[in-house]
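Colleague: These are the residues of each chain, in order.
2 protein chains.
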Amino acid sequence: MEKREVLENIARRLRIHSLKMTTKAGSGHPTTCLSMAELMACLFFDEMRFNPRNPKDWANDEFVISKGHAAPIVWAAYAEAGIIQEKELMNLRKITSVLEGHPTPRMKWIKAATGSLGQGLSVGVGMALAMRMGKSPGRVFVMMGDGECAEGAVWEAANSARYFKLSNLCAVVDINRLGQSEQTMHGHNLEAYERKFQAFGWEVIKIDGHNISQILNAFKRANKAKKPSVILAKTIKGKGVSFLEDKNGWHGKPLKENELKKALEELGPMPEVDAKKYLKHPKSQRIFQLPKRYNFKKNTYREKTATRRAYGNALLSLGRVNQAVVALDGDVKNSTYAEDFFESFPDRSFQTYIAEQNMVGMSLGFSAKGFIPFVATFSAFLSRAHDQIRMAAYSFANIKFVGSHSGVSIGADGPSQMGLEDLAIFRPIPGCACLYPCDAYSTEGCVESMARYKGIAYLRTTRPATPLIYSKNQKFPIGGLKVLKKSSRDRVAVIAAGITVHEALKAYEELKKEGIFVRLIDAYSVEPIDKKNIIREVKEAKRKAVVVEDHFKNGGLGDAVAQALAGKAEISHLAIGKLPRSGKPEELMDRYGINAPHIKKAVKELIKRK
Amino acid sequence: MEKREVLENIARRLRIHSLKMTTKAGSGHPTTCLSMAELMACLFFDEMRFNPRNPKDWANDEFVISKGHAAPIVWAAYAEAGIIQEKELMNLRKITSVLEGHPTPRMKWIKAATGSLGQGLSVGVGMALAMRMGKSPGRVFVMMGDGECAEGAVWEAANSARYFKLSNLCAVVDINRLGQSEQTMHGHNLEAYERKFQAFGWEVIKIDGHNISQILNAFKRANKAKKPSVILAKTIKGKGVSFLEDKNGWHGKPLKENELKKALEELGPMPEVDAKKYLKHPKSQRIFQLPKRYNFKKNTYREKTATRRAYGNALLSLGRVNQAVVALDGDVKNSTYAEDFFESFPDRSFQTYIAEQNMVGMSLGFSAKGFIPFVATFSAFLSRAHDQIRMAAYSFANIKFVGSHSGVSIGADGPSQMGLEDLAIFRPIPGCACLYPCDAYSTEGCVESMARYKGIAYLRTTRPATPLIYSKNQKFPIGGLKVLKKSSRDRVAVIAAGITVHEALKAYEELKKEGIFVRLIDAYSVEPIDKKNIIREVKEAKRKAVVVEDHFKNGGLGDAVAQALAGKAEISHLAIGKLPRSGKPEELMDRYGINAPHIKKAVKELIKRK
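So the sequences go chain by chain: A and B.
Here the first sequence is numbered in the numbering used here, starting from 1 and rising by one per residue.
Here the second sequence is numbered in the numbering used here, starting from 1001 and rising by one per residue.
Honestly, the hints are just simulated from the structure, not real lab data.
Think of the CB as a built atom: it goes at the ideal place given N, C-alpha and C, for glycine as much as any other residue.
Any given hint could be a false lead.
Straight-line alpha carbon distances no greater than 25 angstroms define the calculated SDA-like cross-link-like pairs of lysine to any residue that follow [unchecked claim]:
(1) A:K539 / B:K1003
(2) B:K1003 / B:K1206
(3) A:K24 / A:R132
(4) A:K610 / B:I1535
(5) A:K256 / B:P1585
(6) A:K165 / B:R1536
(7) A:K165 / A:K298
(8) A:K553 / B:G1479
(9) B:K1601 / A:I95
Quick list of the computed label-pair ranges, beta carbon to beta carbon [to be verified]:
(10) B:N1211 / A:N217: 47 to 53 angstroms
(11) A:G26 / B:K1608: 38 to 44 angstroms
(12) B:S1213 / A:G187: 39 to 45 angstroms
(13) B:E1586 / A:S242: 16 to 22 angstroms
(14) B:D1246 / A:K56: 43 to 49 angstroms
(15) A:E86 / B:N1295: 48 to 54 angstroms
(16) B:I1287 / A:K256: 39 to 45 angstroms
(17) A:K608 / B:G1431: 25 to 31 angstroms
(18) A:K56 / B:F1243: 50 to 56 angstroms
(19) B:V1321 / A:K256: 38 to 44 angstroms
(20) B:K1261 / A:P430: 55 to 61 angstroms
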């Protein structure tokens, strides 16, 4: 059989699978799948090279399904490749199956969870860079929808891809004209997409997305291009079934049984073709391993040092012993101090410019390929990439986030630059570690702990220099705390983290002069919080706790402590309760009630209570 | 004096102000200001028309400083316009001054807080649309930096501006080549920017940003254009001071006293020109008021109804009595049910396509011009616009956010579509109201409460249909709660909201059969939570509470209740503790422990405790 006929048959098999699966599941996006059947057939069974026995073969091409709602046809393609059992397709969306409604890495060939649109291209950029670093012969293919090209993240990624000259990256846009609730902005106007991608420096190839020859030629052209390539494929949503073709209102709707019957009649019997025979393997297998050590040589400090400065030192030291560590920056590296790593390891440092969504998406691509990305920016600006962070969690990624300039303590720049809700972003993520060190030594200890940790971790750093509290080489495990002051006469426990530890220490000394003793706890591990020890320490301190943080009242340390101590202690909570403004750090910490005088006052009031 | 000379002198005054202010403040971004001095002089003292006595004059042109770190020169321009006293400039960044480090509406001429880059153009789009609706003769000018054009949000806004044919919108990009930590991606390559903006459908005008004649001609051209226009101005960062011009490393650095002295020597004496004389007023004053009522006619329900469906009904009813209400959608209106409003009030409905950042930025623009935007999408996708939501809070905006498809209860689509961290986004914002109704009637009541509320409010809705609990016209004030079940024999209080109210009701009935009575509280106002009444109800219920929510463990209702009940009650918290997956709603609620059987179990365990 001629190749074209084989691929058309495979496409038809994919269509039939997609329709049956979604009808069986009672939900899903069949018409979305129908428009991309030829594209998927050509990708999986002619263009891409991958080792069906090993999703981690370093020689593999990578496939990212950015339009995640097309999951059914992706599962169908893997079934045709013999990677999934065909009957498993009928378990789509069941709680017992790895074939979820939108893809997650529960299915081992999926490296990044998708379903929140416009994120796959950034992941592809990260993977392509990783593969270049690891000298993989593989290429990265990102399958996108047209509607998702309205997402700004796509253009951040497009910018990056050109900047990094990623000729090993090929995007395919399934331009089927119809979004979810109406036609997309450009409809079938391919030239509108072409102008945009060309302006962003990409090689653009326009085709009829249902014409196998045009698809194959497009991939040939893309393969030769010296720039990142995008294939703009004009397609019909619902293609192959007359009553679905190009009709609005069918997005996300499975066919009912009688409708399915009609559709299958139109599509004809399941073509007999063993698609596995047409799989292309990479020319050779590859393994790529990087020497990874985590106990880096700690620095010695002699004076007050900002934790953000210590982070920069620690990242550099870690980078010397761990080749998997890469750093990403959004033009703030002189503020976050990632700049030292950037200077020493330029081949492992990636400038994304002011584009945080893409920065995080790229880090997911790096993580998927076995690297350990450290993504640092102002903690406030991590909110720009909250959706990408969310999807990284669902991707079981191994990414280390660092947010500097946390709290009102940054001072006069004002609230747009202050991270006041960053703990609220990371704490909810199941399994995410949130560390908030108060001095340079604990910062380095936390960096080691988070580097070792397999999963998403967040380090919160501070702008101003703060005194040294700990000593070199002390350990700061995730889930721990440190008791800085303790006596048998403690009447209240003061629980702080980061900059408020220093305010608490000042308050401690002043209270001591007045004969009032408090226990001082550095809750540097905000999540998971050391519940057992917090309970024990607070019980000894008369079941009274003052919690003080440079963060909004909700979502941060106060919430964590309230949960831990539920029912066991009286809590007074000092945090930022209003929208703050510009001012000197000391003035702001006073105005918003989180400095030493306020801590003292809260301690005394709590002692009086009940 | 010739106009050109006047404007050059004003530009020099602005430079001198910017340098002195930042040196006095000890912080700020003078070199950023120096590159845009001619642009600002021309904008404020030749091109824009505004009534200096009234920032709210509906005939005014609007100015958005997207590159918010240029605040000093913006303040200087307002001082030259006589709107601020010149001596106040020396109070830049002081805690006592409205002249903050990055602009906020504490200074009355600033309609949107900026400082997180790439957001101003979206605000401009919203304002331009609002002004078109209100038939303002004014135009919108957005001053942008080059570095921020890497932000995807800029391209979402650019897309929208063309789509809405906003010929009353003019962007100016100050292309000074240097970002914060290094050169921008395109440096001084204006053609790179030109290609992009042209591809996105804008009129592009390239100029030397220090040439007054070219600037004035560019504004003339922009004024005539039938599309949105962008003036790409090639400039020199630090222009006017030889040791600053085009030098990296000066971003965000004020001059020291000796450096300032040298700089002022170079700039020469303060030119004597009364800039106020050159202000252009609008041709006439305008007032624009919209009939706003909030008590809309409530709908009657007869069967189980999804709260998202009730939201759609309520929005439509509200829209009938309140002309200030506008709706924005990111291609999910058939899921959020904003579609009914879109159908009835197409002139008040704005499709942003799949671009949530821009959708929120636009809503800020609408809010700034006196409208009441309702922004609805999947709660999960609001995370895409978290930074814009954050900045809207600092803008003291009046925006109503609605997140549908909350929780695992959406079912088989899986986690990418589930909002599980949305309460954690909104709860931290000081002054933000978070409402989570459990049935159709409370949804309509909550919509009324949030519409009346002046500020940011968030409504969390659910995908599946749920039974009717309340009755028509019942009130659901922000900060309230409802006690659904109460007796003198209550041994535990069960606190729920949204979908878990129904699970709690099932558990209540089953427990009752076993002779166990619980108090059932619908904490529909998650923030602010009704602390006083929760304490009172839980005290009566033996100081034991089971809190159950369809949200991650951290950041949501559990945290809110733990804070409220600190020290007063034992709490058992049921929430989503793991990264969830696809499955049927009932199966997922069971697997993740938030359904009736789990509530029962938790109640019994809590009764046994202590």
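Colleague: Now tell me, hint by hint, if it's right for this structure.
Modeller: Status of each hint after checking the structure:
no.	hint	in the structure
1	A:K539 / B:K1003	violated, 75 angstroms
2	B:K1003 / B:K1206	holds, 22 angstroms
3	A:K24 / A:R132	violated, 42 angstroms
4	A:K610 / B:I1535	holds, 16 angstroms
5	A:K256 / B:P1585	holds, 20 angstroms
6	A:K165 / B:R1536	violated, 64 angstroms
7	A:K165 / A:K298	violated, 36 angstroms
8	A:K553 / B:G1479	holds, 17 angstroms
9	B:K1601 / A:I95	holds, 23 angstroms
10	B:N1211 / A:N217: 47 to 53 angstroms	holds, 49 angstroms
11	A:G26 / B:K1608: 38 to 44 angstroms	holds, 41 angstroms
12	B:S1213 / A:G187: 39 to 45 angstroms	holds, 42 angstroms
13	B:E1586 / A:S242: 16 to 22 angstroms	violated, 36 angstroms
14	B:D1246 / A:K56: 43 to 49 angstroms	holds, 48 angstroms
15	A:E86 / B:N1295: 48 to 54 angstroms	violated, 59 angstroms
16	B:I1287 / A:K256: 39 to 45 angstroms	violated, 56 angstroms
17	A:K608 / B:G1431: 25 to 31 angstroms	holds, 30 angstroms
18	A:K56 / B:F1243: 50 to 56 angstroms	holds, 54 angstroms
19	B:V1321 / A:K256: 38 to 44 angstroms	holds, 40 angstroms
20	B:K1261 / A:P430: 55 to 61 angstroms	holds, 58 angstroms
Comparing the model with each numbered hint stated earlier shows that hints 1, 3, 6, 7, 13, 15 and 16 do not hold.
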